[in-house]
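Asks: Quick note, the sequences are listed as chains A and B, same order. In this text, residue positions in the first sequence follow my numbering: the first is 335, and each later residue adds one. In this text, residue positions in the second sequence follow my numbering: the first is 19, and each later residue adds one.
Any given hint could turn out to be false.
Cross-link-like lysine to aspartate or glutamate pairs, in silico, DMTMM-like; alpha carbons within 20 Å at most [what the hints assert, rightly or not]:
(1) A:348 with A:392
(2) A:348 with B:253
(3) B:24 with B:248
(4) B:243 with A:400
(5) A:348 with B:222
(6) B:243 with B:232
(7) B:243 with B:50
(8) A:368 with B:232
(9) B:24 with A:400
(10) A:368 with A:351
(11) B:221 with A:377
(12) A:368 with B:222
Since the hints were derived computationally from the structure, they do not count as laboratory data.
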Amino acid sequence: MGGFDSNSDPGVRKGYDRVVVPTPGGGTQSLTRKQFEGLPLRERVSYLIEGTAQFYLDGRPISAHEAMRT
Amino acid sequence: MSVAMKALERTQAATEAIVQRAQARFGAHRQEILRSTDRIFAWLLIGQWIFAIFIALTFSPYGWQGKVKVVHMHVWIALFLGAVIISLPVALAWRRPGELLTRHVIAAAQMLTSALLIHLSGGRIETHFHVFGSLAFLAFYRDWPVLITATVVVATEHLIRGILWPESVYGIPNPEWWRFLEHAFWVVFCISILIPSCRRGMKDMQVMAERGAELEALSENQWRKSSVMDRAATDAGAKG
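With these hints in hand, go ahead and build the complete structure from the sequences.
Replies: In structure tokens form, the structure reads like this:
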């Protein structure tokens with residue numbers, strides 16, 4: 335989705351501050367909110383559909399629903 | 019085909035559909051803004067044309083040549099030049115709203131309307147405020163190149179008219195040759211704030227569309243989970 339993805343100000347929304355997503359090699363990768371929101375929309379959507387992204391707020395794991403709440 | 023492959027294909031198809039819907043939502047929202055702004059400008063241009071005629075009638079009502087009462091040239095300028103300036107953008111706003119050409123023609127016409135009003139008011143500096151108001155209105159499009167078109171038109175118009183008929187622009191017969199640069203500087207100053215604001219507005223629209231996509235993805239995930247649970251419950255019921 336060229337030119338469609340964007341970063342939002344991480345200071346404005348407080349749903350989550352970190353995400354752990356799977357990597358192609360079978361491992362995991364920890365991303366800040368800004369890094370996650372900088373991923374192509376396709377990638378973010380597929381993580382959410384598969385339920386493979388684990389969201390965190392202040393080090394506490396939270397559900398994707400809670401994370402997406404503004 | 020394996021179950022894993024099927025699941026991957028379903029995820030890819032769902033992802034594609036969700037992303038396409040997000041793009042469509044963004045495109046529709048943008049078009050709505052562009053079209054409604056085109057309509058605003060169509061009415062604004064007509065209103066300004068009427069106002070220009072009023073200014074011409076008020077500032078230079080009637081000249082007398084002996085016993086013959088004649089309409090001052092400015093009234094004709096306001097009437098005919100004004101009509102020429104606004105006719106194309108108004109027609110485009112009605113017939114082709116939301117198109118790239120329409121908003122750029124409107125931007126140019128809006129600046130030429132400023133020029134007309136400045137001329138009709140005898141180059142009054144206060145009438146130059148119309149340029150800055152117009153730039154702010156043009157920012158409603160959230161499409162920053164429109165502001166560049168407006169800037170180029172107004173700077174060029176000031177340069178040419180400043181050489182040919184300086185009193186018409188500045189109200190004085192012998193302004194400094196660089197006076198148009200001073201005016202252009204303030205226009206650039208104004209758009210240097212408006213351009214980032216337009217870009218931010220566009221980005222906010224993208225974020226809104228993406229948020230919608232993320233929520234759809236969550237909903238899809240929830241539906242899949244509930245489907246799996248339903249199937250498991252059905253299987254358990256069949257075995258029981």
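Asks: Check whether the Cα positions of residue 221 of chain B and residue 377 of chain A lie no farther apart than 20 Å.
Replies: Measuring from Cα to Cα gives roughly 19 Å; hence the hint holds.
Asks: Is the straight-line distance between the alpha-carbon of residue 368 of chain A and that of residue 351 of chain A 20 Å or less?
Replies: Satisfied, since the Cα-Cα distance of roughly 8 Å is no more than 20 Å.
Asks: Within a Cα-Cα threshold of 20 Å, do residue 243 of chain B and residue 232 of chain B meet the stated pairing?
Replies: Given pair residue 243 of chain B, residue 232 of chain B holds - Cα atoms ~17 Å apart, limit 20 Å.
Asks: Does the alpha-carbon distance linking residue 368 of chain A and residue 222 of chain B stay inside the 20 Å limit?
Replies: Roughly 15 Å between the alpha carbons, so the hint for residue 368 of chain A and residue 222 of chain B holds.
Asks: Does the structure keep residue 368 of chain A and residue 232 of chain B at a Cα separation of 20 Å or less?
Replies: 15 Å, holds
Asks: When you check the alpha-carbon spacing of residue 24 of chain B and residue 248 of chain B, does it fall within 20 Å?
Replies: Since the Cα atoms of residue 24 of chain B and residue 248 of chain B sit roughly 19 Å apart, the hinted pair holds (cutoff 20 Å).
Asks: Are the Cα atoms of residue 348 of chain A and residue 253 of chain B separated by 20 Å or less?
Replies: 41 Å, violated
Asks: Keeping to a limit of 20 Å between CA atoms, is the pair of residue 24 of chain B and residue 400 of chain A held or broken?
Replies: It is violated: about 29 Å lies between the C-alpha atoms, which goes past 20 Å.
Asks: Take the C-alpha atoms of residue 243 of chain B and residue 50 of chain B, compute the straight-line distance between them, and say whether it is at most 20 Å.
Replies: 37 Å, violated
Asks: For the pair we were handed, residue 348 of chain A and residue 392 of chain A, check the Cα-Cα distance against 20 Å.
Replies: 10 Å, holds
Asks: With the threshold set at 20 Å, check whether the alpha-carbon distance from residue 348 of chain A to residue 222 of chain B stays at or below it.
Replies: 17 Å, holds
Asks: Is residue 243 of chain B within 20 Å of residue 400 of chain A, Cα to Cα?
Replies: The hint holds at about 17 Å.
The structure fails to meet hints 2, 7, 9 from the earlier list, while all remaining hints are met.
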